[in-house]
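Student: Here the protein sequences line up with chains D and X, keeping their order. Take the first sequence: its position 178, counting from 1, is numbered 178 in UniProt numbering, and each next residue is one higher. Take the second sequence: its position 405, counting from 1, is numbered 405 in UniProt numbering, and each next residue is one higher.
Among the hints, erroneous ones may be present.
Which copy? The list can't say, so a pair holds if one copy fits it or any two copies do.
Within a straight-line C-alpha distance of at most 35 angstroms, the following computed DSBU-like cross-link-like pairs (lysine-lysine) qualify [what the hints assert, rightly or not]:
| id | residue 1 | residue 2 |
| --- | --- | --- |
| 1 | LYS8 | LYS481 |
| 2 | LYS696 | LYS667 |
| 3 | LYS21 | LYS317 |
| 4 | LYS116 | LYS144 |
| 5 | LYS8 | LYS509 |
| 6 | LYS648 | LYS144 |
| 7 | LYS481 | LYS696 |
| 8 | LYS317 | LYS696 |
| 9 | LYS116 | LYS21 |
| 10 | LYS116 | LYS317 |
| 11 | LYS21 | LYS667 |
| 12 | LYS8 | LYS317 |
Simulated from the structure, these hints should not be mistaken for lab results. None of these values were measured; they are calculated from a predicted model.
There are 2 protein chains.
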Amino acid sequence: MPYYQFAKQLTPISDPVADLKRLRFITDADVKLTDANQLWRHLLQRVAVHTPTAASFETWLGQWLANPTLDLATWLNQATPVTNTIFTRVSCQLLGFEPGRDFDLTDPSTFLTTSKLTLPLGDEPLTPSALLTNFFWLLLTRGKNGQTLLDTLTGEGYLAWSYALPATQKPLLFNGQPTANFDPAQFINEVVFVETDVDTDQDGHADLIKVEITRPLDSNQGLQIPAIFTASPYNQGTNDEWGDELMHNVDQPLTHVNPDYQAPQEPAFAPPTTHQRVNGTREQATETFANTPRYTLNDYLLARGYASVYAAGIGTKDSDGRQTCGSPEQTAAMQAVVEWLHGDRTAFTDRTSGIAIQANWCNGRVAMTGRSYLGTLATAVATTGVPGLAAIIAEAGITNWYDYYRENGLVMAPDTFQGEDADVLAAETYSTTRNPARALADHVANENYLAQMRQAQDRTTGQYNAFWAARNYHPHLSQIKADVMVVHGLNDWNVKPNHAKALWEALQKLPGDHKLILHQGQHIYINAFPSLDFNEMVNLWLAEKLWQFPNQAGQLLPDLITQSNLTPGVWQPVSTWQAPLIPTALGHQMITINDQQADATATTWRHQPLTWFNSLLNDTDHHFSYRVTIPRHASWLAGTPTLTVRLKSNHNVGMLSAYLVDHGTAKRLTTTPQLINRHGLQLGYHWHTDDLRDFKLQNQPTERHVIAFGHTNLQNPTGPTSFHDLQADEWVTITMPLQPVMHELAADHELELILFGTDYRMSFRGNQALTYTIDLSQSSLALPWTDFSLQ
Amino acid sequence: MPYYQFAKQLTPISDPVADLKRLRFITDADVKLTDANQLWRHLLQRVAVHTPTAASFETWLGQWLANPTLDLATWLNQATPVTNTIFTRVSCQLLGFEPGRDFDLTDPSTFLTTSKLTLPLGDEPLTPSALLTNFFWLLLTRGKNGQTLLDTLTGEGYLAWSYALPATQKPLLFNGQPTANFDPAQFINEVVFVETDVDTDQDGHADLIKVEITRPLDSNQGLQIPAIFTASPYNQGTNDEWGDELMHNVDQPLTHVNPDYQAPQEPAFAPPTTHQRVNGTREQATETFANTPRYTLNDYLLARGYASVYAAGIGTKDSDGRQTCGSPEQTAAMQAVVEWLHGDRTAFTDRTSGIAIQANWCNGRVAMTGRSYLGTLATAVATTGVPGLAAIIAEAGITNWYDYYRENGLVMAPDTFQGEDADVLAAETYSTTRNPARALADHVANENYLAQMRQAQDRTTGQYNAFWAARNYHPHLSQIKADVMVVHGLNDWNVKPNHAKALWEALQKLPGDHKLILHQGQHIYINAFPSLDFNEMVNLWLAEKLWQFPNQAGQLLPDLITQSNLTPGVWQPVSTWQAPLIPTALGHQMITINDQQADATATTWRHQPLTWFNSLLNDTDHHFSYRVTIPRHASWLAGTPTLTVRLKSNHNVGMLSAYLVDHGTAKRLTTTPQLINRHGLQLGYHWHTDDLRDFKLQNQPTERHVIAFGHTNLQNPTGPTSFHDLQADEWVTITMPLQPVMHELAADHELELILFGTDYRMSFRGNQALTYTIDLSQSSLALPWTDFSLQ
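Bound conformation, chain D alone:
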């Protein structure tokens, strides 16, 4: 397993010797030592956190091998000078690698190459100064446990002495980034209620939303700290059963859309007529909480001096309002939290007293974090350009809700959520149900609201309309002022990669420091992989964005990193996510696809969409699909393919689906990270943990893997806002983007395109008697072939 460490670079504000002194790895006296071996012994004493006595430290030394035959205690007593190679042999063991199994003591070089760990080799005696530099880098090197030695020592309590330092001296920096100097046992948990400018429950009063804050005690003692704000509609609970009950029936036919069709509009919310009167102020909150589900990245940052702030927003437990599922009001309510953190908005200590409270502990600089809906709202708030929002880390976020529940005029489900829609998600996240009396009082109005949403979202046609336009952040992406780190899974079929692509393209046109990490997972978090130093990258990056330490993280970190789909644990900086398109003709024939299945088949496929999926991938007799091999132009595909197809339907309705397939027998990467060590990641000292996990190769080889796909309604031939009054047997030319790809095609694999109608995993499945005729001679696929030169 390679260990990629993009944050392991010397920052311009780091001085290794000063940094080591600051963290008490060395004293002034240590710096003056002329004997490298003696200095090394002192450094090792710091590493041996749990064996403080002379006797126990000697035993501790005696467990390591200095060379293939001598233990370190014995070796140190021999007075042979320490060399880079000796240092690295021992260091590999300190990092948890086992001699004989993980690496060869006689040949550490091979291990360093395969593991990508950068540690020095060489047989010259080390100077004390070179030894200190070695040790500085060792602390920043990741071990087998997926954490740097510094973070491992932190988890063992090495930094606990720093808790007692004056708050204003914190955080102690190491290589230009905060270390864990904040006592988790002393964290403050407090609740405030931020007043928004929206009134989504239409009671006349501005909606109040509950905000849960966890922050180090030091922020009450003169240290103003940045805030990590996570906007999570799920955070106060979810109504899973209710959501299941509301799932829509997708086993229904496509219907012809007439040119004059218009779906009902959703109701507009009148602005609030009253705001709460301020009756006084308090310095400290009065309401508290004990436990809240929290993204483990936030836990990691909390121990390093950040506040973690959560709001579930309108329509959730202890807050006012409705769940609007992505509307501007939801964004405005989350924006209000940033405004409060920045000092621009009122919050109260409780819902009724009118006692206002300021975020006087906050330095006014905020980053938003979170995945999926959470990442969505981070992006949405960023598009407001709200002051104080310095950065967002948008992971697997939606950037256009139409692209989440619809596609090119079709109702289209996120993978594994067939039948879900905006109204279902609104009901699922309406945790006001946890306030039974308030839910009862709101029941009729909320049901009415959901009924109107159900009309406005329009599952009858799947056409783009005002409802979806209100939930499309694309027109506002140009107003983003925050620096943005985008994280997305190339195999994410829930929030699909085109959401990230649109954001990334918009960011290319903006000033600021923007990063993109593309991984091979589906809808997952990536802060737990031994192979990628995501936590360290974030700590480095946010040190610049939020603390404004001039560590030049923006310049040091690559702008675009992509994970290899071929080799586990390989992460590569690449230059672009959009290579120029190279068109390919698809053939000369006229082909026919019969989309109707025998009733029994359709029933099976509706119940088991994966059975359909396997049939599709292996449908060699083309009875319901057409597969064509696409010639290779280069080894990589990087960007959004465009498919053009000339076809007709035998009725005045129709849809075309296309899957782009990597074909070749191989053990591919798992799209879900596999557990390596439960609770293996210590996010601080006696603080929360996370499970160490990473992608591995599948146990069994597979033949095919879908790397991109697209669907279009024949009535929307060139995209959701195009419209065509389709007639039966009328030829149309459709042009559609497939999902963006970033994929290396193995040398012995080939690329295939599969064309078909109904997608049992995602689309309506009416099993209509539809037959499509495709004129391949007037169809083509344009692909972003490229050859990255990678290490």
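Starting from the known structure of chain D, arrange chain X on it as the hints suggest.
Tutor: Relative to the frame of chain D, chain X by itself:
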């Protein structure tokens, strides 16, 4: 989901009013109140941990429904007297149940019946005294989150005030059991090295073993506390890759055993020639640790005033010796830890200084906990009768290693570990590899030892021998002096139910308080189910065993609880695990089983034993098995079936396998608990968590479920110590027990017996040309049919 609460019984040392006062739910003034509504308001204020101000408490009250139309704040202002029904309506909400979804406000009675929650109903005005009693019981009632309201409030910080009480006043009891009065942020983590009387590395010195202790600071302040000791060979790390490499090949033939056959003996360990000299003593340990993998039950108990003590034992990181996999030396080393806790043995602060340290913080009473190997060693140590070991909770423990890796003369794998044996487990758990220099120094000797173990365990024949006799705890079960709580899964095919059955039968002949809980899982922990109050039962039970609070837990808790295999979440006290056997004839025919498969089939089945398993269950044409329906005599099977079969093999080797099958289409229980709420169980306040989970019904119905099985070598016709020099075509009568069952046969299901040869999941798979002829007229199955009368 029903909530069974066996610990929810008034203990003789509880006075509800005094208990409520002790935990500060009421003051002396509260007791004198004559207005029940006012008293209720005061109690609710205690429950509203996070909303301390008048304004925020009013909002908190206003979220609950007192009746189908009025919120509690409004209702309380109306001065209608509180009744049982009003109290229970609100209480259900406090317990997390949602009106309208989880229960009907107009009919709480139905919910109470289905949920098994005991809360009072009635419309008479409550007296203050009756209200206090209600509230006392409410605190002991489990909520939707799977914890009692008291434990929920504990997790929210309600008891944090009690941390500051003098140590000697702790623990505060509630209903005769300790509450969480011990600050996790102040827990002491310390290491000592216990000197054993064994020398398994044969260096002449008594093996030292490392012991990791976590305990409340109060135990340094005059409070002597009990110790929960978990003996876990896994705890310092495992060598998974090495173990995989050592897995034995099972695709090999059965071989004929000659009467004079004897496997090589394992080497005996000479006793140590020297013990460490004591050079002084210390009151406090010098070595520490930060994190250790810990059973969450121990975490729950830690917050309630117990110490948690872990030792990995001989042959592990930082300890001396070898991994002997169940030998008497391993037991003796773990026994030594109990002796030290009881004051009868020396431990040192480190491995070399000779500074001794006593467990002066311990009250000398110890319980051992843990599952699988951990439960095994708890049982093993208990069989020594060591003073100080007051109780063990033996979960899924091995009681005879022969029954783990062998069966009636056959090499037989624990399920999913085909090819594993004692030597493999020894290598896997030899975490001395984490001390590279020590592992290198020990390498040759350890390899030699493993090679000898490999011979002595004897995979050539699978016969019982001295190696296995040394690892059979059955002859020593009668020496158990500790009270024993046995927990075992009826679907545990790893450590099979016969281990628990043997222990339980031995305990029936001993004095003391013994408990048995049989669940429907496989090899799992059960302390995380909403449906069973296992944590509370243990807390109650250990309060009697270890603190010696006379709460009469032994009398209050049922001796034998079994989980229903028909209905999710139902747990039933039953009278016995062995009903009298009723024999059934199997037929009149002579049947033939051909055990040899086509090569391709055998290859597939070797790679995919579950494919074989499905073929076996559905093998209707009897080409490699014979299936017979057994007439029903009652609705339950409770105990060990005995199978007698007259048969012959066409060669001088052979094996017979038998599966007892519940046949009938049904959605059965999952044998693995399903996640309900990740981190949903708070084991204390800002302390560790566990995932709430429970058995559910499978999503898809299944036809058959194997409820018992057995295998025997035809050369061992009546058990492992019987021997027969089998000849080809010689008729033999074998008699074998099947795994013990505790199973309710649904009315429309039937019972089947499947007879066959090779078991691809567990046995050798040599695919020999073996044909068995069975004379059904001389074969029979004796079954423990019974009719429990259950609620």
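Student: Now tell me if each hint is right for this structure.
Tutor: A quick look at each hint next to the structure:
| no. | hint | verdict |
| --- | --- | --- |
| 1 | LYS8 <-> LYS481 | within (28 angstroms within a copy, 58 angstroms between copies) |
| 2 | LYS696 <-> LYS667 | both (9 angstroms within a copy, 33 angstroms between copies) |
| 3 | LYS21 <-> LYS317 | between (48 angstroms within a copy, 32 angstroms between copies) |
| 4 | LYS116 <-> LYS144 | within (12 angstroms within a copy, 48 angstroms between copies) |
| 5 | LYS8 <-> LYS509 | within (29 angstroms within a copy, 65 angstroms between copies) |
| 6 | LYS648 <-> LYS144 | neither (57 angstroms within a copy, 56 angstroms between copies) |
| 7 | LYS481 <-> LYS696 | neither (38 angstroms within a copy, 49 angstroms between copies) |
| 8 | LYS317 <-> LYS696 | between (39 angstroms within a copy, 28 angstroms between copies) |
| 9 | LYS116 <-> LYS21 | within (28 angstroms within a copy, 62 angstroms between copies) |
| 10 | LYS116 <-> LYS317 | between (47 angstroms within a copy, 28 angstroms between copies) |
| 11 | LYS21 <-> LYS667 | neither (48 angstroms within a copy, 64 angstroms between copies) |
| 12 | LYS8 <-> LYS317 | between (42 angstroms within a copy, 31 angstroms between copies) |
Checked against the numbered hints above, the structure violates hints 6, 7, 11; every other hint is satisfied.
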